[in-house]
Every structure is written in structure tokens, then in C-alpha cells.
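Please model the entire structure based on the sequences and the hints provided.
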Amino acid sequence: MSAATVEISGLSISFGSGVRQINAVKDVTLAVADGEAFGLVGESGSGKSTVLNAVAGLVDRYSGTIRVAGEAVTPKRSLAQRRLVQMVFQDPYGSLHPRQTVDKALSDPAVIHGLDGIGARVERVLADVGLKPEHRFRYPHELSGGQRQRVAIARALILEPRILLLDEPTSALDVSVQAEVLNLLRRLRIEHGFTSIMVSHNLAVVSYMCDRIAVMNRGRVLETGTGDALAKGQFVHAYSRQLFRASSGYDRSLLGDLWQDAAER
Amino acid sequence: MSEPVLEIRNLRIAFPTLRGSLEVVRGLDLTLGRERLGIVGESGSGKSLTGRAIMGLVPPPGRVSVDRMSFMGEDISRLAPADFVRLRGRRISMVLQDPKFSLNPVMKVGRQIEETYHLHVGGGRRQAYARTLEVLAAVKIRDPEAVYHLYPHQLSGGMGQRVMIAMMLIPEPQLLIADEPTSALDVTIQLQVLAILEDLVRERGMSLIFISHDLGLVASFCDRVLIMYAGKVVESCLASELDRVQHPYARGLLSSVPRLGDDRPELPTLERDAEWAQ
Ligand SMILES: Nc1ncnc2c1ncn2[C@@H]1O[C@H](COP(=O)(O)OP(=O)(O)OP(=O)(O)O)[C@@H](O)[C@H]1O
Ligand SMILES: Nc1ncnc2c1ncn2[C@@H]1O[C@H](COP(=O)(O)OP(=O)(O)OP(=O)(O)O)[C@@H](O)[C@H]1O
Ligand SMILES: [Mg+2]
Ligand SMILES: [Mg+2]
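Which chain is which? The protein sequence lines are U and H, in order. Under the numbering used here, the first sequence has 250 at position 250, and the numbering climbs by one with no breaks. Under the numbering used here, the second sequence has 1267 at position 267, and the numbering climbs by one with no breaks.
Calculated from the structure, these hints are not laboratory results. Worth double-checking, as some hints may not be accurate.
[What the hints assert, rightly or not] Taking lysine-lysine pairs in the DSS-like style, the calculated list, with each CA pair at most 27 angstroms apart, reads: (1) H:Lys1108 <-> U:Lys26; (2) U:Lys104 <-> U:Lys132; (3) H:Lys1100 <-> U:Lys104; (4) U:Lys76 <-> U:Lys104; (5) U:Lys26 <-> U:Lys104.
[What the hints assert, rightly or not] Per the computed footprint, the stretches of chain U lying under chain H, defined by three or more beta-carbons under 8 angstroms from a beta-carbon of chain H, are: (6) 73 to 83; (7) 97 to 109; (8) 130 to 138; (9) 155 to 161; (10) 180 to 188; (11) 246 to 253.
[What the hints assert, rightly or not] Per label pair, the in silico range of CB-to-CB distance: (12) U:Gly256 <-> H:Arg1244: 46 to 56 angstroms; (13) U:Phe137 <-> H:Arg1111: 34 to 44 angstroms; (14) U:Arg20 <-> H:Pro1060: 32 to 42 angstroms; (15) U:Glu123 <-> H:Pro1016: 43 to 53 angstroms; (16) U:Asp108 <-> H:Ser1070: 24 to 34 angstroms; (17) H:Glu1023 <-> U:Thr74: 32 to 42 angstroms; (18) H:Glu1198 <-> U:Gly233: 46 to 56 angstroms; (19) U:Gly35 <-> H:Gln1154: 26 to 36 angstroms; (20) U:Asp228 <-> H:Gly1073: 31 to 41 angstroms; (21) U:Gly70 <-> H:Arg1244: 45 to 55 angstroms; (22) H:Leu1022 <-> U:Ile190: 36 to 46 angstroms; (23) U:Arg252 <-> H:Ser1070: 25 to 35 angstroms; (24) U:Gln81 <-> H:Phe1101: 38 to 48 angstroms; (25) H:Pro1016 <-> U:Ala3: 50 to 60 angstroms.
Beta carbons: idealized from backbone N, C-alpha and C, even for Gly.
Next up, the structure:
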């Protein structure tokens, strides 16, 4: 089996045209190694979700190249290519169909991909994410927010992807459910050894979860370093330093010297 | 203390289920002055429904009962729905938890903000447009003119939240209930948005109820904090003393937060105790 790597090179993505064109991603180059946990942090609207969407094959038009497991991919993907990469979306409420039971949400992708023993797979993945058999035939509104997010993770896991894309997987959860989900992701990573890219605004969470982290601002990657370096405040770009300082709570005195450099080129 | 801005005694909210009525807010008391009051507590503990009850927005078939609910001395516990409309917006506003749910999916966000302007301020097209760009810029939207023309599904997570906050800046309410208003924002934009809210509290005497899962943020931004569990307030304290709370549930919450440089192999999770819900 080839290594589950993600290589993004010179990726640029824009939406709209003319004066209203939004350049969401500008010349982004990243390489994520097999089995690595990679993090993306940065300004709201800086293109983090768009980068993940492109890796997942959900962006139609872009320039640059995306290689998954060594193979150049386009938005048109084979079933095998689609199975390789699964994504947990930013919005846990919107990503589940309100009139679909948990069982249906989990078995549909397995059916599409022609997997066998679907019932047993659903049972196994529910247990994996810490849900009980009684949750299997419930609808989303009959679950708590944290349980819904576990279903979203289970749906990504049922296809046994080698690459998992996680967009703010815990920002809508209370801290105790967040701890459960983070423990789960760490345990599954040890057991299954997948490669992951996680987006989060919480520096403590990303540095706890990720080997390496890239900081994005206005569509660009400003710098990349280890999770450890981020936690110790060793990132050097002015914007990264601000993120670090502002992450220990509300401190109005930091307002004065926010990095305003547009860096618009 | 001068007359409280908001006073609630024994708020109860119940939903009918197959096995009878299920009470999800169970006797909540709250007194709010001109301050920033944080509400924390686990998912499902009744934070959002409490906010909705103050706005008269508990969805059917939910049933609300309360011994006393007064706003600036006026009894609002028995207001007819039509009278709540008069109260909402200008006097009490709420930033809802899920922006993509609360925005109209088929209308440009700029037009939605303009509608709020027309409703609360009146004025002509041109003033509405100018004010809309102004409030978008105030919440640090990079390119207000371009974002004016976007539909909600074209916004990033944090831009959606900021559009909701921008909308609230137009009517200048006396009481703002902000339900997870900054959970999708990076910390530098969060800082700037919170500074706007702080100015409204300090300079215009607005009162703020700030619902959040971010304990560190609540501790540093708010004046006082209520900790909710299973539909009740189990503890309240000064925000600056949040890390010294006594209740085992609150202590459990605090310990499950990862800190920068955390090297615990596993994060502690809550072992819930049936006694906490008594
Ligand atoms: N379908 C779309 N049409 C037009 N613009 C879009 C679309 N999707 C994203 N954008 C724009 O692309 C930019 C980047 O958005 P993206 O969702 O990637 O940001 P993000 O870094 O994930 O932000 P957040 O942290 O707030 O979620 C934003 O300006 C957004 O408005
Ligand atoms: N329309 C409804 N019908 C039935 N039950 C409901 C409804 N709305 C809320 N509830 C229940 O009421 C309880 C409190 O909900 P609420 O939304 O106030 O929680 P919360 O504290 O805001 O949680 P979170 O942190 O996840 O937002 C939950 O158990 C929820 O399932
Ligand atoms: Mg995003
Ligand atoms: Mg809520």
C-alpha cells in the first residue's frame, strides 16, 4: 500500500469574478507525511476550510496541484480515491440530514462504496466513537451536540479512510465532550495510524493534537512549525505571535499593536 | 444596588414527550445589572433556552413558566407575543448560536443587514447601505463591499458569526444575549469583536449575557459567571475567581480543558453524579 501522504503545491483558489472576486487561497504549498497529524490555524476567512475542501475534492476550480498518496488528483475522483480521504465538516448541525437515522447516515456511504458486512461495520464504528447500540436508530435531533459530532466522525471513519480531514471538530462542543472527542481521535490514530489535517482556532487544542502546524492569514501560509514550538510561543511571524499572545484570554491591552500589515501582493 | 436590568425567579421550561413532560430548565434564578454576565455549562444544560425565554422565543411545543421576569422594572413574564415584538431588537437583542440557521439562505447578507436598519432606524437606501458597510468593517470583515453581495453559504464559519454580530450593532439594544458569538473566530478577531461589546457595556450602559463553552474567555472577559447543570444554576462567582469554584461539576469542566503545552496522555472527562441534578 502506498503511503498516505498529502502534497499541496502552488494551490490558489478564487470565487466569483471581476471586482467581486475573492482570492480565498493564494499559492499554498504544504506536505503532510504518512501518519502525520497536521494542523491549520489562522484568521477567520483565511481559507482553511477551502484548503480542506480542495483536498477532499469538493472545489471545482483551482490552480496548482494536489497529490494524495503520491497520486495527482482532480475534483473528479474514482471511488477508491474518494474513499481514501474523508472529512468531518465545520458545522456539526448542518452536516447530518435531519430525517436520516444514525444507521442510515452510516450505512449509506458503505453501500455506495460497495463494502460488505455493513451491519457489523456500523456496530463496530459506533463502538469506536463511544456511542451505544441504542443510538443507532435515532434521528439527529434526538442526540446531544456531542453525540451528533461523534456520528459525523463515525461517518468519516466507516470507510476506513487513510486520510482524515477535521474542520473545527470540537468548537461547538462543551469542554468535557471536547475532551472525549480529542481522546477518541488520539486513540483511533494510535490504533489505525491515519494521516490527519485538523483546523482549529484553539491553539491549545491543535498543539495538543498535531505534530506540525501551519499558520494561515489572508489565503497564505505564513509559516509552519512543530506543535511543540507553537505551544511554547516560538513561531516568529508577527501574526503568529499575536495569535499566541491573544490565546490566553481577553486582554484589551493587546488591541494596540495588532498586526495590520495587509501583505497584499 | 440600583434596580436590576433583568430579574428572573424560578424559570421553568418543559417539552412534552411520549413519557410525559420533560423539564429542561428547572427553576432558574438570575439577577442582572449593567454588567457582563457569563453563562457556562455542558451541552444541553439549558443555556440557549434560557436566553430564548428572555426573548419570548422558546419554540413550540415548549412550555415556559416563571414566577417573576422583569426587564427594567417592567413585568415581561406575561407579555403577549405581539408585545415581545416591541421589546425585541431595540431593547433586547440576541445573537443566536447557529448563524447559518438564523440567516435567510436565499438573500444576500448585505440586504439582510439593511433590512435590520430599515426596521430599527428607518432612513433611506443610501444610509442603510453606508451603515451596513460600516458595521461589517467594525467586525473586521476584510472586504465589506464584496461580502455585502455574498449569500450565507458563501461565508466562512467565522464570517457568519460576525455578520450576526454586525446586525446586532444597528439597533443598539439595552440588553444583549450573545449565544456562543465568537466560537468560530480566531483569537485576534475575537479580541476585536469582544472589545466592541465591551465598549457598548462601558459607554452605552448595555447589559450583556455571554453564553460560551470557552472557560478561559469567560473568566477574562465577563464580570460574573453562572455555571449551569441540568437546567439549574449550580454555582455563581466572580469571573476572576472562576478557577477557584468549588462545585465538583465545575471543577471537572475546568480540568478537561487542554492547556498550551499540555502533555497529559489523555484528558480527564466528566463522571456525572446524579446528585448534581438535585
Ligand atoms: N462558495 C463560495 N463562494 C464565494 N466565496 C466563498 C465561498 N466559499 C468560501 N468563500 C470565501 O473564501 C474565503 C475563505 O473562506 P474559508 O471558509 O476557507 O475560511 P476559513 O479560514 O475556514 O474561515 P473560518 O475560520 O471563519 O471558518 C472567505 O472570504 C469566504 O467568503
Ligand atoms: N425544540 C426542542 N424540543 C425538545 N427538546 C429540546 C428542544 N430544544 C431544546 N431541547 C432540549 O432542551 C435541553 C436544553 O437545550 P439548550 O439548547 O438550552 O442547551 P444548551 O445548554 O444551549 O446546549 P449547547 O451547549 O449544546 O448549545 C437539551 O437537552 C435539548 O435537547
Ligand atoms: Mg472554516
Ligand atoms: Mg446552546
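If you draw a straight line from the CA of Lys76 of chain U to the CA of Lys104 of chain U, is it 27 angstroms or shorter? 25 angstroms, holds
For Leu1022 of chain H and Ile190 of chain U, compare the CB-CB distance with the range 36 to 46 angstroms and indicate the outcome. 39 angstroms, holds
Under a C-beta cut-off of less than 8 angstroms, do 3 or more residues of the region 180 to 188 of chain U approach chain H closely enough to confirm the stated coverage? holds (count 4)
Restraint status (C-alpha distance of Lys1100 of chain H to Lys104 of chain U at most 27 angstroms): 25 angstroms, holds
Holds or violated: Lys26 of chain U with Lys104 of chain U, Cα cutoff 27 angstroms? Answer violated: Lys26 of chain U to Lys104 of chain U is near 38 angstroms, above 27 angstroms.
Is the gap between the beta carbons of Gln81 of chain U and Phe1101 of chain H within 38 to 48 angstroms? Given range 38 to 48 angstroms: violated, Cβ gap about 33 angstroms.
Regarding Glu1023 of chain H and Thr74 of chain U, is the given constraint of 32 to 42 angstroms on their beta-carbon distance met? 54 angstroms, violated
Would you check chain H against the region 246 to 253 of chain U, counting CB to CB pairs closer than 8 angstroms, and say if three or more residues qualify? holds (count 7)
Three residues minimum, CB to CB under 8 angstroms: does the region 73 to 83 of chain U make the cut for coverage by chain H? Let me know. Contact hint for the region 73 to 83 of chain U vs chain H: violated, 0 residues under 8 angstroms.
Pair hint outcome, Lys1108 of chain H versus Lys26 of chain U [Cα-Cα no greater than 27 angstroms]: With Cα atoms ~25 angstroms apart, Lys1108 of chain H and Lys26 of chain U stay inside 27 angstroms; holds.
Need the status of pair Lys104 of chain U, Lys132 of chain U: alpha-carbon distance at most 27 angstroms? Holds - the C-alpha atoms of Lys132 of chain U and Lys104 of chain U are around 16 angstroms apart, at most 27 angstroms.
Quick one: are Arg252 of chain U and Ser1070 of chain H within 25 to 35 angstroms, going by C-beta? 32 angstroms, holds
Checked against the numbered hints given earlier, the structure breaks hints 5, 6, 7, 8, 9, 12, 15, 16, 17, 18, 20, 24 and satisfies all the rest.
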